[in-house]
Amino acid sequence: MTAPVIAATSVEPDLVPAPVVPAGAQPPRARGRLRGRAWGLYLAFAVVAVAVLWAVIPGVFAPGDPLTGVPADKLLPPSAAHWFGTDTLGRDLFGRVVHGAVHSLSGALIAVTVGLALGTVLGAIAGAVGGVADDVLMRVVDVLLAIPGLLLSLSVIILLGFGTVNAALAVGLGSVAAFARLMRAEVARVRRTEYVEAAFGSGATFFAVLRRHVLPNSLTPIVALAALQFGTAILAISTLGFLGYGAPPPTPEWGLLIAEGRNYVGTAWWLTALPGLVVVAVVLSANRISHRIGRGTR
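Numbered by the numbering used here, the letters in the sequence shown go through residues 83 to 380 in order.
Hints were generated in silico from the structure; no laboratory data involved.
We treat Cβ as the ideally placed atom computed from N, Cα and C, and that holds for glycine.
Take the hints with a grain of salt, since some may be wrong.
[To be verified] Across the chosen pairs, the derived CB separations fall in these ranges:
(1) 147 / 213: 54 to 64 angstroms
(2) 344 / 146: 43 to 53 angstroms
(3) 199 / 243: 16 to 26 angstroms
(4) 288 / 143: 22 to 32 angstroms
(5) 135 / 157: 24 to 34 angstroms
(6) 134 / 280: 37 to 47 angstroms
(7) 277 / 366: 32 to 42 angstroms
(8) 290 / 199: 19 to 29 angstroms
(9) 284 / 241: 45 to 55 angstroms
(10) 355 / 212: 46 to 56 angstroms
Required output: the full structure, derived from the provided sequences and hints.
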């Protein structure tokens, strides 16, 4: 009589229960990514805060006159005395960048305000009223979206004239379509929710529901878009200044500063590179903040 053979059993790897990870615990790599994102957000806020301080109190950071210079000190490279070097007239470039922040940032603020106000009103009307009004307003928005932003801005500037304010108005009108389209989509989404239907069922009027429920719950994504458009407006106004449609010389506007140094790229690289890096840093920081606001709304 043979002894019974007991087959060896093996445990499938896939059936082994995974170790229990405590709540809130993250792998080291995930914690490193989160820490890096946090530091990136803090850096973005710091860059935007410095740019705003430049615009509000430029004399603290650059006490000198940005419009006068010393001809004997022209085209000096960056040093301890002149952080960004000097231009062709001996003017301190860092001081001109600091004093130019008020023109670029105020222009971007005007542009965002114009686009936000007009676009929000048009989008709210289209999404709340619907019907023929929605069709007409959205066709107008589609036409605006079909026109390149720079071409639309140049067309408006030709009608209004040159200058930082007119350039800001042109950029703001070019961003109306983006605000209107997003606002219309948000209003249409909120109107289909249950609490809005309950408000209508309780006897509330159309404008009361629109003011108390629809608009407050539709504006959060608009704020994220406004932060994104702020950086885009800085870049657009600098582009118009570079092309000569913005502030006239010798105004220390960021786009104009880059344009003034383009003929000296080979001999004085700092005239275009350093103001350009400032513009890039502020625009990227504003975009980083807008992305954070957008993730917080989802």
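Hints the structure violates: just list their numbers, smallest first.
2, 4
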